[in-house]
Amino acid sequence: MNLMLSDDDLTRLLGETAESFPIPDEGPSFVLDELAVSTARPDRTRMLRWTAVAAALVVGVLVVKSFGSTTVSTKQVPTALPGAAAGSTGGTSGTTGTTGATRDLSQKLAARPVPAPRAPTSAASGTVTTSLAPALLASADGSVAAQTPGFADSAKIVKTGSIALIVNQGKVSTAIGKVQTLAQAAGGYVSGSKSQEFGDNPTSTVTLRVPVDKFEGVLQAVRDQVNNGAGKVDSSSSSGQDVTAQYADVNAQIQSLSAARDRFLTILSRANTIGETLSVQQRVDSVQLQIDQLKGQMRVLKDQTSMATLSVTVSEKPKAAKAAHVASGLSKSWDNAKHGFASGVESLISRSGKGLLALILAAAGLVVLRLGWRLARRRLV
Amino acid sequence: MWLRQDYGMAYRTACLVLRDPVEAQDAVQEAFLRVWRFRDAVPAGAARKAWLYRVVVNACVSRIRSEKSRTGKDGGDLGLESLADPSDSPHEMAERSQLAEDVLAALAELPETLRVPLVLRFYAGLSEKEIAVAIDRRPGTVKSRLYDARQRLALDPRLAAWATSQEAAQ
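Protein chains in written order, with our numbering: chain A, 1 to 381; chain B, 1 to 170.
Mixed in with the good hints there might be a few duds.
Said to hold, decoys possible - Where chain B lies over chain A, by a calculated footprint (3+ residues, C-beta under 8 Å):
1) 270-277
2) 297-305
Unchecked claim - Take a look, some chain A residues computed to stay more than 10 Å from chain B by CB distance:
3) 4
4) 14
5) 15
6) 17
7) 20
8) 34
9) 154
10) 171
11) 194
12) 203
13) 232
14) 292
15) 330
16) 339
17) 355
18) 371
Keep in mind the hints are simulated off the structure, nothing from the lab.
All residues carry an ideal CB built from backbone N, CA and C; glycine is no exception.
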């Protein structure tokens, strides 16, 4: 007899069977852990894709500039896209290659790649990717909502500048002292100094660190100081480097690695054997080391963006040079004649060749012999 | 937390399809990471469920096929020996009812093409239209596969015995 199972029967049978599989508590944690680790890695697929697109655009622009035709550029773009497609295929293997979870905890942890500490770059794509992770996890309906990181609100600028001053004789040390006083009054300090002397021209250089918001004020005060009769500004330059992306990148990596470390610590608390404990502890140490390195980079960036660097070089006004000797008309003519004779002889010798030179030397030798012969005869007679 | 909300149902769906809790956990983990990777393509609203199960089913099917190519056996023929997985504690094995064992054995007899729509329809609660999206087939194909699956389950003597006892009890 073929008794067909009803919908309710099937729902009940499959429901009871499914309930015989207990949901592992660590299941979502493992996924979150993988997400935290994978978001710390640069999204190679996207980077390759964007690199290929940028390369295609550059090639397109170059071709358009070369031929002056817009129709050529539309043909150039697709030729570069296969490279992007190949990069995309290769890049996806990083995620799909995720290995097993619960068979062996230590095996699982050993197989999981730990993100290598990245040198801070200005690539903004990595920053966006990592900052999206909490946004997606926090959304209840599963919709994707991008979240702008708070630290991107303010730009991080590294300011540097240099100014060269020329002061009167014996005023170098006084000028340096005044510059240092100006920096200290603005809340800065002297981070380095150097003195040197070339002949009669002493030069001193001080490197000042002043708060970024006081940088322009200090620079102007130094200018005013020398313009009030103490000397003059020989040269001046200042520059600013935007490190906002680098700052955000390092910050995101720290956050992501901290989350991964917390996950590892949770797993560590569940480890049962010594092998598992040692394996997880090794991972924790590795991640902590990376966090410490990134925090060091962050401290340097914070210092560079909060304190500007100003290099001040002070040198003495050079002494007046002695008046050059002005020759009179007669001596000038004599000098010209000497110079002309020497030039003529040189020219003659250089153009004569070896034969003429030997002839001149032989004639000179003959004259010397003749004179010698005459002297000898007078003595004999 | 969509991940925590959907994880349990997705995991048990994968368990019914693969009949191996460890493989199921790996498949769901892989699927959820894939969802995160292609998060820009996740549709909003009701279509999200079908999309999520499509990724889970694909992860399960790829595991079945890799197992098949590795061992030469269909993942659907793993049979009861897969239930004696070393990761199952004796307590868990004892808790699993005889009925669940029978259902899993019956599911093992079904090819994946029939097992997947059956599980999605009667466990995950997807409509035929949503299953069509999840397995990338037409709704008519889903309907015929569900019919075939039910026919074949009805021929299983253990489930037939259970159905008979249920009818008798009523």
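A quick look at each hint next to the structure:
no., hint, in the structure
1, 270-277, "violated (count 0)"
2, 297-305, "violated (count 0)"
3, 4, "5 Å, violated"
4, 14, "4 Å, violated"
5, 15, "6 Å, violated"
6, 17, "4 Å, violated"
7, 20, "4 Å, violated"
8, 34, "6 Å, violated"
9, 154, "28 Å, holds"
10, 171, "66 Å, holds"
11, 194, "54 Å, holds"
12, 203, "60 Å, holds"
13, 232, "60 Å, holds"
14, 292, "28 Å, holds"
15, 330, "94 Å, holds"
16, 339, "85 Å, holds"
17, 355, "91 Å, holds"
18, 371, "108 Å, holds"
Hints 1, 2, 3, 4, 5, 6, 7 and 8 from the list above are not met by this structure, while the remaining hints are.
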